[in-house]
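Chains as they are written, first to last, in my numbering: chain A, 1 to 299; chain B, 1 to 299; chain C, 1 to 299.
Hint data in this document are derived by calculation from the structure and do not stem from the laboratory. Treat the hints loosely; a few may be bogus.
Where chains are identical, the list cannot tell them apart; a pair therefore holds if satisfied intra-copy or between any two copies.
Straight-line C-alpha distance at most 20 Å; calculated EDC-like pairs for lysine to aspartate or glutamate [to be verified]:
#1 K22 <-> E47
#2 K29 <-> D96
#3 K28 <-> E47
#4 K28 <-> D213
#5 K3 <-> D32
#6 K39 <-> D213
#7 K39 <-> D284
#8 K22 <-> E142
#9 K22 <-> E210
#10 K29 <-> E113
#11 K22 <-> D32
#12 K28 <-> D96
#13 K3 <-> D249
#14 K172 <-> D17
#15 K3 <-> E209
#16 K253 <-> E209
#17 K172 <-> E113
#18 K28 <-> E266
#19 K22 <-> D197
#20 K172 <-> D183
#21 K253 <-> E210
#22 K28 <-> D296
#23 K3 <-> D21
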Amino acid sequence: MVKHIISTRDLERDAIDTLLDKAITISKKWPDNRPLQGKILGLLFFEPSTRTRMSFESAMLRLGGTCLNLGGPEVSSVSKGETLADTIRVVNGYVDALVLRHPRIGAAQMACEFSRVPVINGGDGSGQHPSQTLIDLFTIRESMPLDDIQVGMIGDLNYGRTTHSLAYALAKYEATIHTVTPDGLGFPRSVIDNLADMNLQIIQHQTIEEIVDELDVLYVTRIQRERFPDVASYLHVASGYRIFPELFDNVTKNLIILHPLPRLDEIDPGVDSLPYAKYFRQSDNGIPVRMAMLTDVLG
Amino acid sequence: MVKHIISTRDLERDAIDTLLDKAITISKKWPDNRPLQGKILGLLFFEPSTRTRMSFESAMLRLGGTCLNLGGPEVSSVSKGETLADTIRVVNGYVDALVLRHPRIGAAQMACEFSRVPVINGGDGSGQHPSQTLIDLFTIRESMPLDDIQVGMIGDLNYGRTTHSLAYALAKYEATIHTVTPDGLGFPRSVIDNLADMNLQIIQHQTIEEIVDELDVLYVTRIQRERFPDVASYLHVASGYRIFPELFDNVTKNLIILHPLPRLDEIDPGVDSLPYAKYFRQSDNGIPVRMAMLTDVLG
Amino acid sequence: MVKHIISTRDLERDAIDTLLDKAITISKKWPDNRPLQGKILGLLFFEPSTRTRMSFESAMLRLGGTCLNLGGPEVSSVSKGETLADTIRVVNGYVDALVLRHPRIGAAQMACEFSRVPVINGGDGSGQHPSQTLIDLFTIRESMPLDDIQVGMIGDLNYGRTTHSLAYALAKYEATIHTVTPDGLGFPRSVIDNLADMNLQIIQHQTIEEIVDELDVLYVTRIQRERFPDVASYLHVASGYRIFPELFDNVTKNLIILHPLPRLDEIDPGVDSLPYAKYFRQSDNGIPVRMAMLTDVLG
């Protein structure tokens, strides 16, 4: 049976742990036997996502495989108006597995129905982004057990699929989530309802200062300028959700700070040298985690 | 001597058969010894053609070789106004063989004059597209001998180089071609004259219904919207050249349906599950056929 | 310690000679043991430069390594407004070495400060372009010793970093430079001052005819149309800086003609068949020279 990776929400906790274990093994010693030599990974990106693409591509190359790129401006000429089903069927002939990035929620799930080769969801609209979530979990697990942790999420939690996808996964590990967001940029109602069904507790806070002491993980996200009517109101709001070194002067817990990157102003560069800052480590972790995903579906 | 593949029209029937034989061998058992390891294929695409490019790229990777991509928006910066001759000379230094796609008819032929490495024509304007034609012939030969077959061609036969290129090749196998096209979208006069010189018989029909029973192959092509003054006249015309399941209810011959893809509305999805539908198989066949072409010029 | 290649101006003559020696060894016998297998070269191009990119990519493939491409329209989505420092840190996780092309002078130098992997400058604004200069020197050295030669430079010496970069390197070999340029397109004041500090002698001439007899090397560059108010004035000026076969009718020295390509009208195609014409050879030399650079930083 063909193996797909579409959503961390639907993955059992055991399956997540197995993937993370595999990634840890890989991160300690990269395979030197080129286990995927001769295999071709197709990168079918219907919207740009250079980091996700490059990171998967690097992971595939590290495993001895090769990549077929389809992205950016070219993708329109792939489809020329044809259905996603036809595109998947055609590209199937070229590759051994597919990473699909698509602006429409549910696209990766639909692609599985027509694909003879494994499909990995590289992000589907405001839906899932399982490789990012596995990277987040992997990075947390490098510092602490995943069970029963206090996770702060600050910034825009409305539009960012990264935090939704992570929250669904954390629910399986009995985390508590503390949110600090501008008005109107909290979790969408549907996400809150789903998380409640999974017994995940969400506590809203007015400022990051009031909760930072209790956190094991602080997950920072970008507040996008284009959500605001003008630059002044953006700056006014965003300044309240900015992370700076002094914020951590009195923390006693060994918390870690994550960010899916790229960052703009939401993390002061002074934070980079604090021992809590793990966002570049998190970015690097994309390689072993995606290597684990690729060997899982192709190995 | 450097070996090029520019046109199926100029290829002897023996040379075509040899390439098809090689492709059949490859399609039965892909080489596992990476025969082109260390070789670099340059993909020099002066107009977009994602499928042709990806398919050649996949074929090269399957043979253990690697690709250097040059296409889409980048190609303009290659040339920066220089002559095609200079571009070919420079790119020759980077690669072991070239696939050239160019909007100008005769470009691939001209490129051969300046190239120290093999050139494969990936389509030159309304001229030739030999790899597509070899794929079409290969797919037909999977179902029947190539000699003396009845081939229906429906849709736009004026602008599509695919059908011209195929017709020239079929002439070597004494096929009869039956055409069903809107007014003004039949074969161009020059193609008809050339085919007549090659003793290929072309019979025009008003509807596909009147001939479908006698066909061994039905080759469907896209009617491009931009050829019509407005959507209404496009829809009105195109609906008469659409293939749907009921069309085949009473056929007695074991015909096959081909389409160079992508398709829009010209083949009803209901046709996909008929045993006659071979267009996805045809697309998959691009890999062994292009592997055969690459080993032919580089092996 | 991580090894970078940022500027030929800062490279000692010994370091240049070592790189050129290595390139000569490679050009005589390409390594067949794939010394960089398993290594990934990142091509981070913030402005288009297809030749430099393709040539580095080909060199890396020839050494058995692989490439991760980041260029053209995609690069904007890499950065999404983040700092170059952050981009370098993130891309570091994907690759074993980086070629950086950037419109800002000094960008490559800055990138080194943040990079854990070797950085090769692929051109930084009007700054340095060390691989091109090494190729120029390599091509000269194929015909003559590098010491004490007479080098003519014709065309636009104001905007072209290629000639600046080459002049700085030639200063280490006690060359004399003869310039023939339109008004306003001579070396910038700062470059002249720097070269004077390095004791390089620059002699200005009115026409190429008056000096061609004494040259060992004639370096031709493009005069860009967009520097002129209209086509007529461009044509009027450019015609005086055009190289044609008759120019060499009476030369007695065994000079060589170089050009960084692409050329437009500044070299008559009739020159191509003269024994002096080495610009296509120069282009081909990009591969062994860049192979030498890559093994130097990655080997």
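Against the structure, the hints come out as follows:
Taking CA atoms no more than 20 Å apart as the test, K22 paired with E47 passes in neither setting, with 29 Å inside one copy and 39 Å between copies. In the homo-oligomer, the alpha carbons of K29 and D96 lie at most 20 Å apart only across protomers (16 Å), although the nearest pairing inside one protomer, at 25 Å, exceeds that limit. Taking the closest pair of Cα atoms, K28 and E47 never come within 20 Å of each other, the shortest separation being 33 Å inside a single copy and 37 Å across copies. Neither within a single protomer nor between protomers do K28 and D213 lie at most 20 Å apart by alpha-carbon distance, with minima of 32 Å and 64 Å respectively.
In the homo-oligomer, the alpha carbons of K3 and D32 never lie at most 20 Å apart, since the shortest distance is 24 Å inside one protomer and 24 Å across protomers. For the homomeric pair K39 and D213, neither the shortest alpha-carbon distance inside one copy (48 Å) nor that between copies (43 Å) is at most 20 Å. In this homomeric assembly, K39 and D284 come within 20 Å of each other (Cα to Cα) only across copies, at 16 Å, whereas the closest approach inside a single copy is 23 Å. Taking CA atoms no more than 20 Å apart as the test, K22 paired with E142 passes inside one copy only; the shortest distance there is 13 Å, against 43 Å between copies.
For the identical chains of this complex, K22 and E210 are neighbours neither inside a copy (37 Å) nor across copies (62 Å), given an alpha-carbon limit of 20 Å. With identical chains, the CA atoms of K29 and E113 are never at most 20 Å apart, being 35 Å at best within one copy and 27 Å at best between copies. Taking the closest pair of Cα atoms, K22 and D32 come within 20 Å of each other only inside a single copy of the chain (15 Å); across copies the shortest separation is 28 Å, beyond that limit. Proximity of K28 to D96 under the C-alpha cut-off of 20 Å is restricted to the inter-copy arrangement: shortest distance 17 Å between copies versus 27 Å within a copy.
When the C-alpha separation of K3 and D249 is checked against a cutoff of 20 Å, the pair qualifies neither within a copy, at 47 Å, nor between copies, at 37 Å. In this assembly of identical chains, the alpha carbons of K172 and D17 lie at most 20 Å apart only when taken from the same copy (11 Å versus 60 Å across copies). Neither within a single protomer nor between protomers do K3 and E209 lie at most 20 Å apart by alpha-carbon distance, with minima of 44 Å and 43 Å respectively. In this assembly of identical chains, K253 and E209 lie within 20 Å of each other by CA distance solely inside one copy; the values are 14 Å within and 78 Å between copies.
For the homomeric pair K172 and E113, neither the shortest alpha-carbon distance inside one copy (27 Å) nor that between copies (41 Å) is at most 20 Å. Taking CA atoms no more than 20 Å apart as the test, K28 paired with E266 passes in neither setting, with 32 Å inside one copy and 54 Å between copies. In the homo-oligomer, the alpha carbons of K22 and D197 never lie at most 20 Å apart, since the shortest distance is 30 Å inside one protomer and 59 Å across protomers. Taking the shortest alpha-carbon separations for K172 and D183, neither the intra-copy value of 28 Å nor the inter-copy value of 64 Å comes in at or below 20 Å.
Only within a single protomer do K253 and E210 lie at most 20 Å apart by alpha-carbon distance; the minimum there is 14 Å, versus 79 Å between protomers. For a Cα distance limit of 20 Å, the shortest separation of K28 from D296 inside one copy, 17 Å, qualifies, whereas the shortest one across copies, 27 Å, does not. Taking the closest pair of Cα atoms, K3 and D21 come within 20 Å of each other only inside a single copy of the chain (18 Å); across copies the shortest separation is 35 Å, beyond that limit.
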